[in-house]
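Given chain R, put chains L and E in place with the hints provided.
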Amino acid sequence: MSLVNVTLLTVTWAAAATALVLPAGLLIAWWLSRGRFRGRVLLETLVSLPLVMPPVATGLILLLLFAPRGVIGRALAPLGIDIVFTWKAVVMAMAVMGFPLLVRTARAGFEQVDRRYEQVASTLGASPLRVFLTVTLPLALPSVAAAAVLCFARAIGEFGATMMVAGSIPGSTRTLAVAIYSFAETGRDADAAALVVVSAVIAFAALALSNYITTRAGVRA
Amino acid sequence: MITLDFTLQQGSFVLELHEQLNGGITALFGPSGSGKTTTLDAIAGLRRPRVGRIAVGDHVLFDRSHGVDLPPHGRHVGYVPQDTALFPHMNVRRNVLYGRRAGQKLSLDVVVRMLEVGQLLDRRVPDLSGGERQRVALARALMSAPDLLLLDEPLAAVDVERRRRILPYLLRVRDVLGVPVIYVSHDRAEIDQLADRVVVLDEGRVVPHVRGA
Amino acid sequence: MSAAISLTDALQEVEKAYSNAGGGPLRFNFGGSNVLARQIVNGAPADVFISADEAQMNYADERGAIDRASRVDLLSNRLAVVTPRGSGRAIKAVNELAELKRIAVADPAAVPAGVYARQFLETAGVWDRIQSRLVPLGNVRAALTAAESGAADAAIVYESDAAASSRVDVSFVVTGPAAPRIVYPAAVVAASKNREPAAKFLAFLRGPEARAIFRKYKFS
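Chains as they are written, first to last, in the working numbering: chain R, 8 to 228; chain L, -19 to 193; chain E, 252 to 471.
So that you can see chain R by itself, here it is in the shape it has in the complex (with noise of 0.2 angstroms):
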């Protein structure tokens, strides 16, 4: 049972990681590929800082923030709302690391597309966003579809933050690499081992996915 258990619990945390980060990482990649704005550099560092920091240090401030007595935990705990040690900090500590990941894939799909479809789109009296929907996203979309299936990988294969800020409850927080940690640990060996397998398997098959979305996507090109 737990096996199983725990990959499929991976992959659907890390599926709604993705998905919770979709629409915020692509209109933040579009508005970096497209603006010269001030502050356009600090929003670009701050993005990428998941990805430079290490994780653990990205989950500490996660759980500084979110625990019952942080900035953040204060005001949810009256509303009953928890996420420390429970699995919304794991889908939470996913979605914050693989965010870096798909914005910085996004943007670079967006820059390819070329601008004279976007202004010509503009002048035929469509608002920006109506731009990005029906022109941009369309003609970027095996990049935008490559950027998500980084960001899930990478979901996938989260360990620091989510050791953090979710520890290792099985059947409520353990993921799979936090798994395979915790086997280690006490001795389960051939259950680490086990899970070692599934995940590079899972990993395997997200590059060899996204590799094929972009190839495709060139050959067309």
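Because the hints were derived from the structure by calculation, they are not lab data.
Certain hints may be false.
What the hints assert, rightly or not - Derived DEER-like restraints, expressed as beta-carbon distance ranges:
#1 R:Met60 x E:Ala349: 38 to 46 angstroms
#2 E:Asn280 x R:Leu140: 53 to 61 angstroms
#3 E:Ala349 x R:Val78: 25 to 33 angstroms
Bear in mind the structure is a predicted one, so any value in this text is a computation, not a measurement.
Where is the CB? At the ideal position from N, CA and C, for every residue including glycine.
Only chains L and E this time, still in chain R's reference frame:
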């Protein structure tokens, strides 16, 4: 009355115009690099002049001294760029209808018949010939019911034979719809056939010219 | 010196006493005893191993990683149930734990403090009810921290950990016949290249000065 009274700087290149145009077809003529496309970009709102005023009739598109700078989607200017830029992910019908606003009086039928693109509506963009693309791009620009039409060398990529066949469509647009047109070209013959007046640009400035010279 | 993490504060004070008594320099490696045992079995360069339970010492022993002759039972401890200081919640009996949302423990699968906690809960007949509320963490100090920060509503730690912290309240100490038998064995590591100093330090740990320090930190 179209007012083009502005100065635009791009690096070391300076474009300066002080023109008032009555309706009809105005040709913008000049060597490459003289600022023709930049002029169209400025009118469409894709580039911002340093100072000046751009207006189509009473509709002020840009007026630096009064802080007016309409975004492209608010200018009601139809733009057909040199490479037509038809949306590759949409079929012809969706391309043409892209700029159509609810409740506008101009119907798809009229435009389609005028430019004879009826049988192309369900085709995909990559399947179109050069001349067909031009007509579709023109139809798309017209369907947004613009107050002014900007055409950037629309016939440059079309062979001589077909060119002769497309010219009448452009005249139809002027005559039937009454939409003023600014038409960029480096082909004297086209200009002589189409234009009601010619503005000659050289290195960013208008030079006086004698028609037929 | 690979030592159970619950010994952190006590051993740091012992180190000073040892140095004052003319002993040589010491280096400590603290962690969950299960992790330490596996490190030693895998060849980590430790000279002395102090485990928080016999199971982990046996694990190392069965693999020939410790000098059997040097093995001694060094200390004992007791379990304590703690709550975040100022949370206003006092737990008087073990079955009240079932009313809490989250109880932090060291991983009951293999970390000694967690194993002891499980034994205690099983003996008290509440394991099935409480198991789903447990948050298993890497070691007993992590469980303590979770209670300190309020991330968990309570934690089951050692009495010595509770004493070392100023940010938790002790609800009760586990005593009586239901209490698990807690033993901290110590031994010289078989592959140690410093056998003599190791044995010397081990002897110091059993001496009166060290004993007084341990008692101060609520070890017995």
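Here is how each hint holds up against the structure:
In this structure the hint that methionine 60 of chain R and alanine 349 of chain E lie 38 to 46 angstroms apart at CB holds, the actual value being about 39 angstroms. For asparagine 280 of chain E paired with leucine 140 of chain R, a C-beta distance near 57 angstroms keeps the hint of 53 to 61 angstroms intact. Evaluation of the 25 to 33 angstroms hint for alanine 349 of chain E and valine 78 of chain R yields a pass: the beta carbon distance comes to about 31 angstroms.
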